[in-house]
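Full structure from sequences and hints, please.
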Amino acid sequence: MASSMLGFSSFLTKTTAPTLTAVRGVARIPHYEHHIRFDPATGRKRPAQDALDRFKRLNNGMWIRAHPGRNKMRYAKNQIFEETADYFETSTKEECMILDKIASPFWLRRKYYPNDPYEPYHVRYGLNSPRVDHKGRFVRERPKVLLDDTTAAKHFNDLQ
Amino acid sequence: MRRVRSIYAEHYIKRSHRAKFTPRVNRPWRPRVIAWAGPGAFMRDRWYERDGWYKARIQKPEVVPRLHIIDPDRIVDTFEEATRVVKPKEINIGFKRTSKTPTIARDEAALEIAAHKRTLEVDLSQLSFDQLSIYDHFNIFEDLFVPGVYFNTTQKVAVRYGSESVARGNLISSTSIAKEAPEVEIEALGTDAYNTLLMVNLDGDAYTPEAENEFDKTQILHWFVGNIPDGAKVDSGETVVPYLPPTPYKGTGYHRVAFLLLRHKEKIDFSSNKITSLSLADRIFRVNRFAKQHESTLTPTAVSFAQFRWDESVDETLHAIGSKSPRFFYEWNEPLKPEQKEYPAKPMPFNLYLDMYRPPEVVQREMFSKKLERLVHDGKCEPAPYPDMFYAENRKKLPNWQHKELIKENTGAGKYASLYLKSGFVNAVEQASDEKKKETAV
Numbered sequence: 000m001a002s003s004m005l006g007f008s009s010f011l012t013k014t015t016a017p018t019l020t021a022v023r024g025v026a027r028i029p030h031y032e033h034h035i036r037f038d039p040a041t042g043r044k045r046p047a048q049d050a051l052d053r054f055k056r057l058n059n060g061m062w063i064r065a066h067p068g069r070n071k072m073r074y075a076k077n078q079i080f081e082e083t084a085d086y087f088e089t090s091t092k093e094e095c096m097i098l099d100k101i102a103s104p105f106w107l108r109r110k111y112y113p114n115d116p117y118e119p120y121h122v123r124y125g126l127n128s129p130r131v132d133h134k135g136r137f138v139r140e141r142p143k144v145l146l147d148d149t150t151a152a153k154h155f156n157d158l159q
Numbered sequence: 000m001r002r003v004r005s006i007y008a009e010h011y012i013k014r015s016h017r018a019k020f021t022p023r024v025n026r027p028w029r030p031r032v033i034a035w036a037g038p039g040a041f042m043r044d045r046w047y048e049r050d051g052w053y054k055a056r057i058q059k060p061e062v063v064p065r066l067h068i069i070d071p072d073r074i075v076d077t078f079e080e081a082t083r084v085v086k087p088k089e090i091n092i093g094f095k096r097t098s099k100t101p102t103i104a105r106d107e108a109a110l111e112i113a114a115h116k117r118t119l120e121v122d123l124s125q126l127s128f129d130q131l132s133i134y135d136h137f138n139i140f141e142d143l144f145v146p147g148v149y150f151n152t153t154q155k156v157a158v159r160y161g162s163e164s165v166a167r168g169n170l171i172s173s174t175s176i177a178k179e180a181p182e183v184e185i186e187a188l189g190t191d192a193y194n195t196l197l198m199v200n201l202d203g204d205a206y207t208p209e210a211e212n213e214f215d216k217t218q219i220l221h222w223f224v225g226n227i228p229d230g231a232k233v234d235s236g237e238t239v240v241p242y243l244p245p246t247p248y249k250g251t252g253y254h255r256v257a258f259l260l261l262r263h264k265e266k267i268d269f270s271s272n273k274i275t276s277l278s279l280a281d282r283i284f285r286v287n288r289f290a291k292q293h294e295s296t297l298t299p300t301a302v303s304f305a306q307f308r309w310d311e312s313v314d315e316t317l318h319a320i321g322s323k324s325p326r327f328f329y330e331w332n333e334p335l336k337p338e339q340k341e342y343p344a345k346p347m348p349f350n351l352y353l354d355m356y357r358p359p360e361v362v363q364r365e366m367f368s369k370k371l372e373r374l375v376h377d378g379k380c381e382p383a384p385y386p387d388m389f390y391a392e393n394r395k396k397l398p399n400w401q402h403k404e405l406i407k408e409n410t411g412a413g414k415y416a417s418l419y420l421k422s423g424f425v426n427a428v429e430q431a432s433d434e435k436k437k438e439t440a441v
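Keeping their order, the protein sequence lines are chains A and B. Sequential numbering of the first sequence, starting at 0, is according to numbering that gives the first Met the number 0. Sequential numbering of the second sequence, starting at 0, is according to numbering that gives the first Met the number 0.
Just to be clear, a hint being listed does not mean it is correct.
Pairs of lysine to any residue, SDA-like flavour, derived with a Cα cap of 25 Å [unchecked claim]:
hint: 1; chain 1: B; residue 1: Lys-369; chain 2: A; residue 2: Asp-115
hint: 2; chain 1: A; residue 1: Lys-44; chain 2: B; residue 2: Ala-18
hint: 3; chain 1: B; residue 1: Lys-13; chain 2: A; residue 2: Arg-36
hint: 4; chain 1: B; residue 1: Lys-155; chain 2: B; residue 2: Thr-298
hint: 5; chain 1: B; residue 1: Lys-395; chain 2: B; residue 2: Lys-421
hint: 6; chain 1: A; residue 1: Lys-100; chain 2: A; residue 2: Ser-90
hint: 7; chain 1: B; residue 1: Lys-336; chain 2: A; residue 2: Ser-128
hint: 8; chain 1: B; residue 1: Lys-336; chain 2: A; residue 2: Gly-125
hint: 9; chain 1: B; residue 1: Lys-403; chain 2: A; residue 2: Arg-53
hint: 10; chain 1: B; residue 1: Lys-396; chain 2: A; residue 2: Tyr-124
hint: 11; chain 1: B; residue 1: Lys-95; chain 2: B; residue 2: Lys-266
hint: 12; chain 1: B; residue 1: Lys-345; chain 2: A; residue 2: Asp-49
hint: 13; chain 1: A; residue 1: Lys-100; chain 2: B; residue 2: Pro-22
hint: 14; chain 1: B; residue 1: Lys-19; chain 2: A; residue 2: Ile-97
hint: 15; chain 1: B; residue 1: Lys-414; chain 2: A; residue 2: Lys-100
hint: 16; chain 1: B; residue 1: Lys-395; chain 2: A; residue 2: Asp-85
hint: 17; chain 1: B; residue 1: Lys-403; chain 2: A; residue 2: Thr-83
hint: 18; chain 1: B; residue 1: Lys-291; chain 2: B; residue 2: Pro-87
hint: 19; chain 1: B; residue 1: Lys-407; chain 2: A; residue 2: Lys-44
hint: 20; chain 1: B; residue 1: Lys-407; chain 2: A; residue 2: Tyr-124
hint: 21; chain 1: B; residue 1: Lys-88; chain 2: B; residue 2: Phe-258
hint: 22; chain 1: B; residue 1: Lys-407; chain 2: B; residue 2: Asn-332
hint: 23; chain 1: B; residue 1: Lys-291; chain 2: B; residue 2: Asn-226
hint: 24; chain 1: B; residue 1: Lys-155; chain 2: B; residue 2: Leu-188
hint: 25; chain 1: B; residue 1: Lys-395; chain 2: A; residue 2: Ile-97
hint: 26; chain 1: B; residue 1: Lys-340; chain 2: A; residue 2: Glu-82
hint: 27; chain 1: B; residue 1: Lys-407; chain 2: B; residue 2: Met-347
hint: 28; chain 1: B; residue 1: Lys-370; chain 2: A; residue 2: Ile-97
hint: 29; chain 1: B; residue 1: Lys-336; chain 2: A; residue 2: Gly-42
hint: 30; chain 1: A; residue 1: Lys-110; chain 2: B; residue 2: Val-362
hint: 31; chain 1: B; residue 1: Lys-340; chain 2: A; residue 2: Ser-90
hint: 32; chain 1: B; residue 1: Lys-395; chain 2: A; residue 2: Arg-69
hint: 33; chain 1: B; residue 1: Lys-396; chain 2: A; residue 2: Asp-52
hint: 34; chain 1: B; residue 1: Lys-345; chain 2: A; residue 2: Glu-88
Read the hints as simulated data drawn from the structure, not as lab findings. Quick caveat, the model's predicted, so the values are computed rather than measured.
So this is what it looks like as C-alpha cells:
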C-alpha cells in the first residue's frame, strides 16, 4: 500500500505464481486453553511454551520458578525483599502436577547436562514422609499415571 | 476477582464440560484491609502513614524493644546481701593477721582544705589488700586446697613480668612476656625463716580426667623454688622445678596461674618433688597433697594470681619441651531443622532448602570430586585472587544463587573451605581461618 502511494508500484510489486505454503496461525485462545493435547500438525501433545520459559524442572520432579514481581518497584522495597527477591523458589505439589501435565513427556525425562549447575539438586535426600496413606493409596505419586509402571520405573527412579 | 469469559464459551460441544469462565476462587483480589489494618485504615488522613502497596494506613501495635528493665520496686536485698559471696570459711591454714594501722602525720586542717578542694590524694601503696572475696570469686582456695579452707595474706609479695605485675586475677596482655621467670620481691619479716614459692596453673591439667569427688584437684607446676632465706632474693633458693612459661592451650580460654608463698622455720628437703623431665604431663601437681604432706612445717602466707591466654609463644614453649600444641574447638550443636517436605507448602529457595537436608558425606564427596577435577585440569587447586574476576558479567549472566555459590567457591567459604586444605575435613573452618590469618600477617 505504501509503495502504491509513493508511485513505485510497478517496480516493487512482483507477480509470481501462487505457491502452497502451510500457514500456522497463532490462535487467540485464553490462557487456560494452552494445554494442547493434540496439535494439528502431528496429532501429539504439545508443551505449553510459556510454562517452559518460566519454569525449570529438576530430575526429581520439582519445578523451580523465579519469584514473581521481583523486578517490580525495587526502589520502594525493603532490604529483605532485596535479598529474597532473587531466590528461585520451589512450587507446590499441585503446581508441579499441573506443570507435568502441560509439558510433554520429553520434559519429564531425566536430563544429563555437562557442567550442570543444578547437578547437586537433582536428587533429594532425607525424605522420610510415608509413601502410603492409611487407606493404602500412594501419597507421593500423581493420581493419573502417564506411563505404565515398568516404563515409569525406568525414568522416575530418583525419589530417595 | 474479575471473571473472564472464554471466547469458546458459546461453542457447544456435547459432553465436553468446557468451562465458560475462569474459575471462582474464594479469596479476594486485594486483601480485606480493614480486617487487620484497623479502623483507621480508610480515615481522612490515610496518606500520612502509607505502608506498602495497599495504600492504607495501618495501626500496628507498638512494639517495645526488649530491654533489661531494672525495677527498683522488685529489689529487696541490700547491696551487701546481694554481693555477699557465700563460701564456708571453716579452716584457716595461714597465720593470724595482725592489723597494722600505718602512722601518718596528719594535719587535720590542711587535710580538710585539700578534701574540700578535691586535691586530697590517698597513697595506695600504704594500704594492704585484705579481702578474700576475690579469691572466692575465682575459686582459688577451693582449687588449690579443699572447700572450706582459707588463709589471710600475711606477707607482701610482688611478682612482676617486666611492666605487668601479677596481682589478683588480672589478665596478662600477652603470654609472650612470661617467657622468662618473673621478678619476685618477698617482704622480709625479720625472723630467721625460709620462704618457698610455687607457681601453678590451676586450669592447665588436660591429662587427668575429672575426679568423682572434687576435692583432689590437680594443677600444673611451672616453677618451684624452695628454702629462700628471709630477706634474700629468689635466686638464692634452691630451684626444685625449673621455670616453664604458662601453656594455656588454644581454644581453652583463660587459665589462672597462681604464685603461692609458704613459710617454714627450717629447711625442708624437697628432693622427692624434683622434676627433671621436660614433658608437661610429668608436671602434674597436687597442691593440697603437698600442703598436707608438710602440714606441720609449711604455712601459706600469700597467694597472687593472674590470667593467661593462648599466644604464639605458647606454641614455641610446647615445641621446645618436645610436645605438640593442641587446638581446642567448641562443638556447636547441630542446627535445628524442620522436617523436610517433598513439596513445601510455602515457596522455598530451592538451593538453600535442598542444601539444608543434604547429608555431610555427600557434600564431602562432591567437594572432593571438585578438588580432583581442578587438580587434573588445572594442575592446582588454589583460591582465586579475587572473589569474582568477572563480577559485572556474571551478575547479569548467572542466576543469583549460582553467582553467590561461585563467589563462595572462589573465596573458600563454608563447605568450599575443604577445597583448599591440605588434609581432610577435620576443623575445616578453623584451618581455613588460620591460613587466612597467616597470609595477612606481615
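Enumerated hints in conflict with the structure, sorted upward:
When the structure is compared with the hints, numbers 5, 10, 15, 19, 25, 28 and 29 turn out to be violated.
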